[in-house]
Amino acid sequence: MSYEMPDLDALIKNFEEYIAKVGKRKACRQLVELGGVSELFDEKIERVFELLSEFCGGLYVAKFKQTLRARLLAYGSPITPEFISTFGITISQVISNVLDPNVSLTTLKRDFDKIAERHKINIRKEALVGLSSPTLSDAIFLSEVFWHFLNKIGMLDHPEFLPMYSSCLKRIGDKITVEKTIISVRPLFYVKSVSVNFFEDVLRSLSNNFDGLLGFSISAAYSMISYMLQKGSAIPSISSLLAALAMDSSEMLAVYERAFLGDESLVYLILNKIVSTYYRGPIFKVIDGILSGKLRAQNAIELLLHTPYTTASIQNIRQTLEFIVRVSEKLLSEKGFERQVFNLITKIAFEARPAIIRRFLETDEGRVLLIELIKKLPSRLVLVALNRLISTYAPMDRIPGRRSGEDPELLETLNSIMPNWRYALDIKTVKYLNLK
Amino acid sequence: MVYMLGEEDLLRKKLFLALEALDREKIFLHTKFLEIEAPNGVFRIPLVAGFVLLNALVGNGAMLLWGGYGYGKTMLIKYLGRLLTSTPLEEIEASILRANPQLIEEKIVGRLHLGRLIKEGEEEVVWRRFIKSFWKIIDEINRLSPSAQDVILSLLGEGIVKYFDSVFVSRKYVLYATLNPRDVGTFPLSMPLLDRFGIAVVVKSPLLDDMNEIVLLPDDKVLKKSIPAVLSIDELVNVWAYVEAMPIEPVAQMFISVLAKEISLCDRVDKETGIFVEVGPKICTGCPFENLDTVCKYVYTPLSVRAQKDLAKYSKALAWLLGLKSVPLSVVVTIAPYVIWHRLRFSDKYLEEFGFDRFRFAKHIVESVLRTFLQRLPLLQAYEDLKAGNVDPRMINMIKNARNDDLIIRYEVAPLVDLFLEDAYIRLVGELKSSIESQKRTEIEEILEKAKSELNPIQYSALIRFYVSKLRRNRRKIVTRFGVWRQHLDDLSKVLNADLSGTLNPPTTTRIDRKSEILEVIVIDDRDNAPVIINVYTLWDDIIDKITNALGGQCQVS
Numbered sequence: 001m002s003y004e005m006p007d008l009d010a011l012i013k014n015f016e017e018y019i020a021k022v023g024k025r026k027a028c029r030q031l032v033e034l035g036g037v038s039e040l041f042d043e044k045i046e047r048v049f050e051l052l053s054e055f056c057g058g059l060y061v062a063k064f065k066q067t068l069r070a071r072l073l074a075y076g077s078p079i080t081p082e083f084i085s086t087f088g089i090t091i092s093q094v095i096s097n098v099l100d101p102n103v104s105l106t107t108l109k110r111d112f113d114k115i116a117e118r119h120k121i122n123i124r125k126e127a128l129v130g131l132s133s134p135t136l137s138d139a140i141f142l143s144e145v146f147w148h149f150l151n152k153i154g155m156l157d158h159p160e161f162l163p164m165y166s167s168c169l170k171r172i173g174d175k176i177t178v179e180k181t182i183i184s185v186r187p188l189f190y191v192k193s194v195s196v197n198f199f200e201d202v203l204r205s206l207s208n209n210f211d212g213l214l215g216f217s218i219s220a221a222y223s224m225i226s227y228m229l230q231k232g233s234a235i236p237s238i239s240s241l242l243a244a245l246a247m248d249s250s251e252m253l254a255v256y257e258r259a260f261l262g263d264e265s266l267v268y269l270i271l272n273k274i275v276s277t278y279y280r281g282p283i284f285k286v287i288d289g290i291l292s293g294k295l296r297a298q299n300a301i302e303l304l305l306h307t308p309y310t311t312a313s314i315q316n317i318r319q320t321l322e323f324i325v326r327v328s329e330k331l332l333s334e335k336g337f338e339r340q341v342f343n344l345i346t347k348i349a350f351e352a353r354p355a356i357i358r359r360f361l362e363t364d365e366g367r368v369l370l371i372e373l374i375k376k377l378p379s380r381l382v383l384v385a386l387n388r389l390i391s392t393y394a395p396m397d398r399i400p401g402r403r404s405g406e407d408p409e410l411l412e413t414l415n416s417i418m419p420n421w422r423y424a425l426d427i428k429t430v431k432y433l434n435l436k
Numbered sequence: 001m002v003y004m005l006g007e008e009d010l011l012r013k014k015l016f017l018a019l020e021a022l023d024r025e026k027i028f029l030h031t032k033f034l035e036i037e038a039p040n041g042v043f044r045i046p047l048v049a050g051f052v053l054l055n056a057l058v059g060n061g062a063m064l065l066w067g068g069y070g071y072g073k074t075m076l077i078k079y080l081g082r083l084l085t086s087t088p089l090e091e092i093e094a095s096i097l098r099a100n101p102q103l104i105e106e107k108i109v110g111r112l113h114l115g116r117l118i119k120e121g122e123e124e125v126v127w128r129r130f131i132k133s134f135w136k137i138i139d140e141i142n143r144l145s146p147s148a149q150d151v152i153l154s155l156l157g158e159g160i161v162k163y164f165d166s167v168f169v170s171r172k173y174v175l176y177a178t179l180n181p182r183d184v185g186t187f188p189l190s191m192p193l194l195d196r197f198g199i200a201v202v203v204k205s206p207l208l209d210d211m212n213e214i215v216l217l218p219d220d221k222v223l224k225k226s227i228p229a230v231l232s233i234d235e236l237v238n239v240w241a242y243v244e245a246m247p248i249e250p251v252a253q254m255f256i257s258v259l260a261k262e263i264s265l266c267d268r269v270d271k272e273t274g275i276f277v278e279v280g281p282k283i284c285t286g287c288p289f290e291n292l293d294t295v296c297k298y299v300y301t302p303l304s305v306r307a308q309k310d311l312a313k314y315s316k317a318l319a320w321l322l323g324l325k326s327v328p329l330s331v332v333v334t335i336a337p338y339v340i341w342h343r344l345r346f347s348d349k350y351l352e353e354f355g356f357d358r359f360r361f362a363k364h365i366v367e368s369v370l371r372t373f374l375q376r377l378p379l380l381q382a383y384e385d386l387k388a389g390n391v392d393p394r395m396i397n398m399i400k401n402a403r404n405d406d407l408i409i410r411y412e413v414a415p416l417v418d419l420f421l422e423d424a425y426i427r428l429v430g431e432l433k434s435s436i437e438s439q440k441r442t443e444i445e446e447i448l449e450k451a452k453s454e455l456n457p458i459q460y461s462a463l464i465r466f467y468v469s470k471l472r473r474n475r476r477k478i479v480t481r482f483g484v485w486r487q488h489l490d491d492l493s494k495v496l497n498a499d500l501s502g503t504l505n506p507p508t509t510t511r512i513d514r515k516s517e518i519l520e521v522i523v524i525d526d527r528d529n530a531p532v533i534i535n536v537y538t539l540w541d542d543i544i545d546k547i548t549n550a551l552g553g554q555c556q557v558s
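So the protein lines, in turn, are chains X and F.
When the letters of the first sequence are read in order and numbered with the numbering used here, they come out as residues 1 to 436.
When the letters of the second sequence are read in order and numbered with the numbering used here, they come out as residues 1 to 558.
Everything labelled a hint here was simulated from the structure, so no lab data went into it.
Please note: incorrect hints may appear among the correct ones.
Stated by the list, open to error - Dumping the calculated EDC-like pairs for lysine to aspartate or glutamate here, alpha-carbon to alpha-carbon at most 16 Å:
| id | chain 1 | residue 1 | chain 2 | residue 2 |
| --- | --- | --- | --- | --- |
| 1 | X | Lys231 | X | Asp263 |
| 2 | F | Lys325 | F | Asp9 |
| 3 | X | Lys273 | X | Asp248 |
| 4 | F | Lys363 | X | Asp138 |
| 5 | X | Lys375 | X | Glu406 |
| 6 | X | Lys125 | X | Asp138 |
| 7 | X | Lys231 | F | Asp392 |
| 8 | X | Lys231 | F | Asp385 |
| 9 | F | Lys363 | X | Glu251 |
| 10 | X | Lys63 | X | Glu33 |
| 11 | X | Lys192 | F | Asp293 |
| 12 | X | Lys192 | F | Glu290 |
| 13 | F | Lys26 | F | Asp293 |
| 14 | F | Lys515 | F | Asp542 |
All figures in this text were calculated on a predicted structure; none of them were measured in a lab.
Please work from the sequences and hints to get the whole structure.
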């Protein structure tokens with residue numbers, strides 16, 4: 001006797017009857033099959049989980065999770081089947097949209113408007129502490145709605161939420177955008193049980209993604225500022241965060257002062273610390289971030305000073321120096337700029353691979369760039385650092401030959417900053433700079 | 001006649017000259033610096049020499065220099081004594097108490113005048129040089145027997161030494177003790193004795209470069225150094241007055257109290273009873289606060305009130321030395337580890353993680369307290385706002401929610417919140433605020449009087465503290481000389497309507513509570529030219545004019 005296979009709705013509705021008709025094994029197998037091909041965040045999935053656990057047992061639940069996992073993976077969703085089975089479809093979908101790099105902010109905003117209305121979350125954008133960038137302000141606003149929503153439905157107190165959410169976050173750690181990170185990490189600051197280790201884990205999961213670390217810094221800075229200015233409605237875990245960033249007392253006091261003044265540069269203070277401690281990605285990402293204008297020049301220099309150069313390429317060194325040349329005129333009068341450039345050149349000299357520095361110095365482009373730097377940033381300190389770099393790494397036999405006469409502008413600059421430069425600079429440097 | 005104009009700057013300059021002289025004469029070569037990030041810039045002072053100097057700037061300071069033999073601890077103290085007090089080196093050397101297990105009370109304190117005892121039967125005590133000296137040095141205090149330690153305890157605690165029926169009151173002194181814990185014949189120092197040392201610094205081996213330089217220095221056993229006299233004892237004592245008068249910023253003040261509370265509080269037992277010392281690790285098991293970023297689990301003993309006062313005292317000294325107007329939080333945080341590390345008994349379990357380096361662990365504790373302090377600060381500020389009558393239900397809710405994660409909120413803040421929400425309190429504090437704004441003295445006095453009967457003691461003291469905090473924002477400083485003060489004492493007593501006779505026996509700090517204003521008179525010495533500082537906390541200028549007139553204009557108001 002054969003029975004026609006029902007659709008998923010009918011199966012869910014009459015599952016007990018169907019078991020009686022075809023037997024438990026067949027009914028359960030069909031439920032897994034049909035459940036597995038339904039829409040990813042279909043509410044029926046929740047019911048499938050319920051029926052499987054009630055009538056079929058752990059084996060079928062595991063099978064269904066496996067099917068779901070394959071589909072979630074194919075779909076590119078950061079959500080795990082365990083997350084869906086624990087927290088349900090609605091929350092899973094919201095979180096999937098938040099974490100998914102392919103879901104735009106506009107879509108998210110539409111979703112969040114509905115959520116805010118349904119859960120009576122009344123947050124006025126103008127009541128929030130403002131940020132200078134409108135896009136970031138939008139992300140901050142959405143992050144505010146997001147964590148309030150999770151808090152309202154009790155997720156932030158759920159013991160399973162933190163580990164499961166962080167495992168989802170880890171899955172997209174390398175791909176997540178600045179804005180999405182701002183939104184997604186925000187609730188973490190308000191979870192009561194959050195520990196130092198947890199923040200360390202999250203930061204490690206973002207360690208290859210500069211944008212992710214930037215987003216984390218913005219979210220952390222914003223949480224602190226709004227709390228310090230007494231505009232927030234919950235206490236962020238500042239203590240654990242500061243411990244995860246391994247800040248010493250003077251750094252902590254700097255954080256406090258900037259947060260208390262509502263100073264946006266707090267973002268960069270945190271970012272510098274995070275980059276120097278956790279960032280393991282390529283330098284070009286940092287430079288890209290700087291060049292895209294996401295950071296102010298002064299903060300960018302500070303950030304470059306905290307970036308590890310052990311894996312830097314020739315292009316990275318060139319880009320870094322190009323950036324310095326570009327901002328030199330503007331920042332020349334800023335206090336401490338010369339010292340920062342000196343430290344940066346020294347850092348590159350110490351950290352970058354000697355072969356890379358040597359090859360950079362061998363190129364005509366590199367030499368022109370360094371001459372440009374001396375002219376744009378007439379500083380004895382910077383000249384000393386460059387002298388050290390060139391004399392250590394430029395190979396004597398392969399120094400580009402002189403193709404034209406001495407650069408009069410360079411001569412003038414050198415005479416003004418170091419009148420005895422002919423004696424003070426290494427012979428290699430003099431030759432490298434195309435001077436007699 | 002110009003009074004004290006620039007005197008503080010001059011004294012400060014001299015102190016830096018003394019540090020320079022130490023450096024120039026290569027007396028103590030340790031190129032390690034203490035870095036302080038103050039609101040007006042980053043300052044660096046030599047670590048060990050800087051602290052030794054700092055100890056001389058607080059009234060009756062006591063400092064412990066902790067480290068191996070032969071690192072130049074005693075020499076540094078001796079030479080600095082010469083620089084800061086103009087006392088001949090031989091005299092300083094002669095009054096050093098060199099500790100050994102056989103040192104009995106007679107050798108430390110004094111002896112009976114035998115001639116007088118035999119001839120006249122009188123028990124006259126001849127006090128030892130160490131007791132009478134201003135610049136006191138105890139070399140290798142760890143070699144003092146427990147009974148000898150008790151003698152020092154009394155000296156450090158009350159500045160009093162007793163022998164037979166005679167009492168010697170040491171009103172002004174600066175004390176240093178060196179300690180070498182690995183020495184033979186070492187006795188453990190009792191916790192109360194250690195607590196009486198305001199500050200302690202670990203003296204480690206000099207850096208390699210310093211060592212290289214030390215090798216080249218002439219042998220100071222053969223070639224004696226000629227050390228200049230930069231300051232006199234009188235000038236140094238004048239500094240004490242200026243340091244004492246330094247105001248502490250409210251956040252820094254709050255941190256000092258919070259540090260002591262965080263270390264002392266425990267959710268399960270009372271650390272004061274000593275039970276914790278016996279069963280510390282067991283008690284913490286399963287405690288909800290154990291896994292949080294708390295310091296209660298690190299320390300088995302509470303931090304004494306004396307430690308809090310010392311922290312304030314040394315922070316004031318450092319802030320004054322750096323030329324700051326008040327003591328900021330950064331200075332307190334810098335000083336704190338040096339004030340607490342030698343006074344506490346730490347949990348071995350956690351101390352082990354720091355290689356049993358007590359100082360490094362103490363620094364970690366201060367940083368941990370700072371982290372939680374910064375997290376808690378908006379709540380504490382909201383609590384202060386609440387006491388000032390500004391009710392923000394959102395913040396009150398946050399305070400109540402923080403009870404389970406924060407010991408200070410749980411035991412010190414949350415239980416009192418509801419008291420300040422009572423109508424009577426809110427009404428009175430509101431009235432007081434509007435009277436302060438309109439500067440109506442009679443109204444303020446009436447409200448404060450009314451509060452006594454209408455509010456309970458906790459509410460009343462909160463209201464008074466709120467008013468005092470408003471007054472403290474209007475601090476005026478009057479500086480005069482002791483000779484002038486003494487000459488016009490009767491007039492001043494009439495003007496202030498207070499008995500000021502106690503100020504003639506310095507060192508004293510007299511607080512005069514007038515109904516709506518407060519005065520603090522700081523008198524450090526009875527020399528005619530010693531400074532007398534009057535801190536006036538008031539909303540009105542008339543009291544300043546009255547004091548100035550009573551002093552015949554011989555004062556400086558700032």
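Any of the earlier hints contradicted here, and which numbers? 4 and 13
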